[in-house]
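Let chain X serve as the given structure and place chain G on it in line with the hints.
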Amino acid sequence: MDEIYTPAEVADKLKASLGDSMLDSSIRVRAEGAKKRENTNIWITIRREAIHEAAEALMKIRYPHLSCISGYDKGAKDENLRVQYIFSIYGGIENKECLVIFSTDIPKANPHIPTITDLMEGAAFTEHEKTEYLGIIVDGLEPAKHRFFLPQDFPENVYPLRKDDKKIPDSMVKNLWASGRPENRPPAPLGDE
Amino acid sequence: MAGNVPYKIPIGPIHPALKEPVHIELTVMGEEVIGADFTPGQTHRGIEWMGLSRNPVQIVHLTDRICGICGVTHSLSFARAVEQIAGITVPERGDYVRTIIAEFERIQSHLLWAGVAAHELGFDSLFYLAWRVREDAMDAIEFITGNRVNYDIIQIGGTRRDITIDQYAKIRTCLKTYKDLFSKLKKLFLEDAVIKSRCIGTGLLSFETAMAYSAVGPTSRASGVTADLRVDYPYCAYGDLDIKPVLPTAYGKDVNGDTYDRIVVRIFEIAQSIEIIETCLDNMPAGPVLWEEKVVKILAACKKASGEAVGRHEAPRGEAVHYVAMDNADAPIAWKVKASTYSNAHVWPIILKGAQLADIPIIVASIDPCMSCTDRVAITDNGSTKIFTKEQLSKMSYEKTRRMLQ
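Chains as they are written, first to last, in my numbering: chain X, 1 to 193; chain G, 1 to 406.
Chain X extracted, bound-state conformation:
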């Protein structure tokens, strides 16, 4: 079995592989329960160009588990989206699993990311999700025959998790409160006081 590195060593190894493309990293530990056994998360910010390289570097340390790629719009006035590649390594080894989360900013004006399906074919599903929800274009990903997450008749160029002009228009939002109270209802059978 390959050697198991400590979270700090994992972060150092990734820094060595990624160099300047790795902007910062922090190790966060959480302990719960009576014995306070710890679980560790490594948060790493990288440049967008280094997404594929980062996944590759992580794979050299250990074959990772990709929980999903999450992402959000930083705000209506902000120029960037932000995505997080939530990996974990050492899954299946008691008390050793460690989350490795790569975060990066993606400019809305040019929302391209490279696919990592050549490294992990199962990543396609979650990459398609980023296209549908945030309008991120995944270069090299085989185009989907249909949508996976949104209804097939969902309008084009509307992305539910965007907060800028591509967000869900008010006309698509149904407010339950605005439907008002039903009229002409019979009085509630409360009985005599």
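Calculated from the structure, these hints are not laboratory results.
Hints are not guaranteed to be accurate.
Within a straight-line C-alpha distance of at most 16 angstroms, the following computed EDC-like cross-link-like pairs (lysine to aspartate or glutamate) qualify [claimed, not checked]:
#: 1; chain 1: X; residue 1: K145; chain 2: G; residue 2: E25
#: 2; chain 1: G; residue 1: K244; chain 2: X; residue 2: E94
#: 3; chain 1: X; residue 1: K35; chain 2: G; residue 2: D242
#: 4; chain 1: X; residue 1: K145; chain 2: G; residue 2: E31
#: 5; chain 1: G; residue 1: K353; chain 2: G; residue 2: E31
#: 6; chain 1: X; residue 1: K96; chain 2: G; residue 2: E25
Chain G in isolation, oriented as in the chain X frame:
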């Protein structure tokens, strides 16, 4: 129907009784599936979007309603993420109550699945038995939380209800019932000749594919992946326990990664959950179960918080992940829900390939999807369409079992 022409068979998407419809399109050559595609997202509810205009305490109650079976999974994952951002420490007793309710959820979820699996095979007496014994776990959950589903027991910083000492006896009685039942469950599900012949060797998922697709939970463990968050990534009270991931080897057999192995893993996980609840009850620390009783103070702490975190939980079906980012405001700026079926459903096209039409219901059900939607099937042949109802498809599955019995 002409012999060799590949036919496209759409299955689904809607059955009014199911909460999460899915559309599956199969390409079949005769009875054999040669290709499969699936389209989830048939009833997209926009829950993440709704969350972005609510505060964390409101979202906790919204998370309870993501799934009707995993009532505690999503609220626990979300609460753990928010607690990490706001720096909230859950009291030890709160961690234990969370663990106990999560394990009861696993028992009822696995029994529900076992019943569905038996039903898909046309073994309805076993289906009734499994769902009858599931009621004991539902009663225990109702006894602890006040509700059968949508328990609403999780709060940011702990749980909303304690398990009091006078409740222990009734919980232990429930656990004893399951202990006494276990050998019977094992015999009925694992030694039955028909279940064996229908499930061994069908729906194969290799270790390599399980890893490449990041499959989770019993689906991946049945393929020999030893990952189990409760063991690998200690949280709540799981770090205090001595548990090992359940693999098909628990039943003294080799790992095949087939439908049968998925039954083995789930049946043995029920036994594991009983033990976990017993150990937790024996070792319950004293003290409060909630970091702060006053909701206003919880909200104030959340409003002051900024940062991002990931909350994870090993749900009955596998890893659930909630990513939350907050920035000194009432509502979070980002919330991403990754349910277990998200990681498992995309292996369907692989495990369905090569399957027989009559085996589709059990293979689709074998990953324990949070949707099991063999609702109606339409076979389209150059414009002329024949509709198979769910009943007809199930009937094909039953008939195959009957043929084997002869």
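Right, here's what the structure says about each hint:
1. X/K145 <-> G/E25: Status holds; Cα separation ~12 angstroms.
2. G/K244 <-> X/E94: holds, 8 angstroms
3. X/K35 <-> G/D242: Holds: X/K35 and G/D242 sit about 12 angstroms apart, inside 16 angstroms.
4. X/K145 <-> G/E31: violated, 25 angstroms
5. G/K353 <-> G/E31: holds, 12 angstroms
6. X/K96 <-> G/E25: violated, 40 angstroms
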